[in-house]
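Engineer: Here's the letter readout for the chains.
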Amino acid sequence: MDFSYNGEDVVLSDINLTIREHDFMAVIGPNGGGKSTLIRLVLGLLKPDKGQIRVLGERPGKLTQALGYVPQNVHINDHFPITALDVVLMGCLGTGGHLGQSRRTRKECEKDGLATLERLGMAEHAHKKIGELSGGQRQRVFIARALMTRPRLLLLDEPTAGIDSGGRADFLNLLKTLNKDVAIVVVTHDLFAVSGYVKSVACVNHRLHYHSQEEIEGQTLETMYACTVEDVCRVQVLAQGLPGAGLKKRGDADGNP
Amino acid sequence: MEILKYEFMRHALAAGLLTSIICGIMGTLVVVNRIVFLSGGIAHAAYGGIGMAFYFNWPVIPSTMGFSLGASLVMAAVTLNNRQRADTVIGVIWAVGMAFGIILVDLTPGYNVDLMSYLFGSILTVPGSDLIIMGVIGALILFLVVFFYKELMAISYDEEFAGLRGLPVRGIYFFLIAMLGFTVVMVIQVVGLIMVIALLTIPPFMMEKYARSLGTMMAGSSLLGACFTMAGLYLSYRFDLTSGAAIIMVAGTVFLVTLGVEKIWSFMPRTVQPEN
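Sequence lines, in order, name chains A and B. Be aware that the first sequence starts at 1, since it is given in our numbering, and climbs by one per residue. Be aware that the second sequence starts at 1001, since it is given in our numbering, and climbs by one per residue.
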């Protein structure tokens, strides 16, 4: 699959990637390497120049409910008069009925939304205005919104960008829990942060190099060779500190509930 | 209340209240979608329609309605893909529409209409028939907004997500702008285009911080607008002032005072509350 904006500068070329069920994939690479573009292609927001993309065998954009998307920027419309719960209930849109009106009744949807927020540890914030929540809390609200259709794949664009390191471990543990039911793809420039959690890694820098779980566990430098020097450095750190890093973060999480 | 014994005052009050409700609902959508400039453009371009009505001797309301609906849909098309950078084109349509109207009025033989009455309106001379039309339009807008509430909320808050869920984002956006064009023309006839913009923006902007949903923001803005209108009307009656200008001055003063109070409040030392 190839893609370029305006038919000129090729952003992605020769991309071949399969996301398996229950995978937890990190998409890493330098800025401008095409990570977010890849996600937008999967979502059907962009169309490839060459090649094809299939989501559960269908064109992107067909099965809108099978994909849950959490955008990079959770600070859109900070002052918008809307509660966290109402943002989550937006997830019920497009589940049938006219003009995307929900076929589920509002009651059912609301019950579902509250349960989802509860699962993400956000029940107490359900009726707060979205602008009153922190970046990390808002992130969870957006995840809850994406989960409302019970998607098969959850795509998150730079989810850890606005969260401090303590919160990040909590957040990744949360994703790990969610991963039991749904495949997850996380775009990040910080492989180190997600190292103890992901099952596979895709390096995107105009081209794509995929590394499965087995390869990562093998931990040879060559597997990461295709990524930038910066990434290789991170991988070295990762190779040395893989089990420790994961455990330590989990310890932190327990210390600060 | 001796002020209410005059029929024109009762009509003015009714027109003001209806305007406040319509502007509270539509203004909320204008403010959260950041299309204040676009609505200003629609309001001013509508003057082109007024000019056409006089020049060709057409009925004023339908021809203004048609003209501003056309102008607003052009603006919607221009702003659709690039909402942030569309201000230049809106500015051009804004100015050209108005100039077109003024030239047509110049070319019209016979008496010249007073531009001022379209800028500030003539709320004190609203005939009963206009009140009925306004009531119908207000009811229609209320119905449409309630019926499409979720859709309007979704595209206002997060267009991209709404699109991903298969909502016809472009269609809803055009629908919103068309409804706005309709509103603006209807209300201009009565209160003038400057007051339309003031009532569309000031009350919703003041409510945005305190409201927890679009619905409460709409209700609050309508109520606030009604208070401004009534206070302005009273002042205009009491001190013999231009009613439209008096209403705007009340709204503007309250707005600036609250802004100042909020600023001072945020600098006041308060007892620090521990997190959580």
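A portion of the hints provided could be inaccurate.
[As the list claims (entries may be wrong)] Heads up, simulated DSS-like pairs for lysine-lysine below, C-alpha to C-alpha not over 25 Å straight-line:
| id | chain 1 | residue 1 | chain 2 | residue 2 |
| --- | --- | --- | --- | --- |
| 1 | A | Lys62 | A | Lys50 |
| 2 | A | Lys128 | A | Lys111 |
| 3 | B | Lys1209 | A | Lys128 |
| 4 | A | Lys47 | A | Lys62 |
| 5 | B | Lys1005 | A | Lys129 |
| 6 | B | Lys1005 | A | Lys128 |
| 7 | B | Lys1209 | B | Lys1263 |
| 8 | A | Lys107 | A | Lys128 |
| 9 | B | Lys1263 | A | Lys129 |
| 10 | A | Lys176 | A | Lys199 |
| 11 | A | Lys111 | A | Lys176 |
| 12 | A | Lys111 | A | Lys129 |
[What the hints assert, rightly or not] Beyond 10 Å from chain A on every Cβ pair, some chain B residues (computed):
| id | residue |
| --- | --- |
| 13 | Ile1003 |
| 14 | Met1065 |
| 15 | Val1078 |
| 16 | Ser1156 |
| 17 | Phe1161 |
| 18 | Gly1163 |
| 19 | Arg1170 |
| 20 | Ser1213 |
| 21 | Thr1216 |
| 22 | Leu1223 |
| 23 | Met1249 |
| 24 | Trp1265 |
[As the list claims (entries may be wrong)] Not everything, but these chain B residues come out facing chain A in the computed CB check (under 10 Å):
| id | residue |
| --- | --- |
| 25 | Ile1102 |
| 26 | Val1105 |
| 27 | Pro1109 |
| 28 | Glu1151 |
| 29 | Glu1160 |
| 30 | Leu1214 |
In short, the hints are calculated from the structure, not lab data. All values derive from a computational prediction rather than experimental measurement. Where is the CB? At the ideal position from N, CA and C, for every residue including glycine.
Engineer: For each hint, tell me whether it holds in the structure or not.
Structural biologist: For each hint, the structure was consulted:
For a cut-off of 25 Å, the pair hint linking Lys62 of chain A to Lys50 of chain A stands: about 19 Å separates their Cα positions. A threshold of 25 Å between alpha carbons decides the hint, and for Lys128 of chain A with Lys111 of chain A the separation of about 17 Å falls inside it, so the pair holds. Taken as a hint, the Lys1209 of chain B and Lys128 of chain A pair is honoured in the structure, with Cα atoms around 13 Å apart against an allowance of 25 Å. Taking the CA atoms of Lys47 of chain A and Lys62 of chain A, the gap is about 13 Å. The hint holds against a cut of 25 Å.
Proximity of Lys1005 of chain B to Lys129 of chain A is assessed by CA-CA distance (about 45 Å); at most 25 Å being required, the pair is judged violated. A C-alpha spacing of about 47 Å is found between Lys1005 of chain B and Lys128 of chain A, which places the hinted pair above 25 Å, so the restraint is violated. Restraint check for Lys1209 of chain B and Lys1263 of chain B: the C-alpha separation of about 14 Å stays at or below 25 Å, so the hint holds. Of the pairs offered as hints, the one joining Lys107 of chain A and Lys128 of chain A holds, with about 19 Å between alpha carbons and a cut-off of 25 Å not exceeded.
Proximity of Lys1263 of chain B to Lys129 of chain A is assessed by CA-CA distance (about 21 Å); at most 25 Å being required, the pair is judged to hold. Between the alpha carbons of Lys176 of chain A and Lys199 of chain A the distance comes to roughly 10 Å, so the proposed pair stays at or under 25 Å and holds. Between the alpha carbons of Lys111 of chain A and Lys176 of chain A the distance comes to roughly 24 Å, so the proposed pair stays at or under 25 Å and holds. Under the criterion of a C-alpha separation no larger than 25 Å, the hint pairing Lys111 of chain A with Lys129 of chain A is consistent with the structure, at around 19 Å.
Distance check on Ile1003 of chain B: its Cβ is at least 35 Å (rounded) from any Cβ of chain A, clearing the 10 Å threshold; non-interface status holds. Residue-level check passed: Met1065 of chain B sits 25 Å from the nearest beta carbon of chain A, beyond 10 Å. In this structure Val1078 of chain B is separated from chain A by more than 10 Å, as the shortest Cβ-Cβ distance comes to about 20 Å. Not every CB of chain A lies more than 10 Å from the CB of Ser1156 of chain B, the least distance being 7 Å, so the non-interface label is violated.
With a closest Cβ-Cβ approach of about 7 Å to chain A, Phe1161 of chain B is found to fall inside the 10 Å limit, against its non-interface label. The claim that Gly1163 of chain B lies off the interface is violated: its Cβ sits roughly 8 Å from the closest Cβ of chain A, which falls inside the 10 Å cut-off. With a least beta-carbon separation of about 13 Å from chain A, Arg1170 of chain B lies farther than 10 Å from that chain, consistent with its non-interface assignment. With 10 Å as the threshold on Cβ separation, the claim that Ser1213 of chain B sits away from chain A is violated: the shortest Cβ distance comes to roughly 6 Å.
The Cβ of Thr1216 of chain B does not lie farther than 10 Å from every Cβ of chain A; its closest approach is about 7 Å, which violates its non-interface assignment. For Leu1223 of chain B, the condition that its CB be more than 10 Å from all CB atoms of chain A holds, with the nearest at approximately 15 Å. Against the 10 Å criterion, Met1249 of chain B stays outside the reach of chain A, whose nearest CB is about 26 Å from its own CB. Listed as outside the interface, Trp1265 of chain B is consistent with that label: its C-beta sits roughly 17 Å from the nearest C-beta of chain A, beyond the 10 Å cut-off.
Annotation: Ile1102 of chain B was flagged as interfacial toward chain A, and the flag is violated, the nearest CB pair being 38 Å apart, outside 10 Å. Given hint, Val1105 of chain B at the interface with chain A, is violated; its Cβ is 41 Å from that chain's nearest Cβ, farther than 10 Å. Taken as an interface hint, Pro1109 of chain B does not check out: its beta carbon lies about 49 Å from the nearest beta carbon of chain A, beyond 10 Å. With 10 Å as the threshold, the beta carbon of Glu1151 of chain B comes within range of chain A, its nearest partner Cβ sitting at about 6 Å, so the hint holds.
Given the 10 Å rule on beta carbons, the hint for Glu1160 of chain B holds: about 7 Å separates it from the nearest Cβ of chain A. Restraint check, Leu1214 of chain B versus chain A: the minimum CB separation of about 6 Å is within 10 Å; hint holds.
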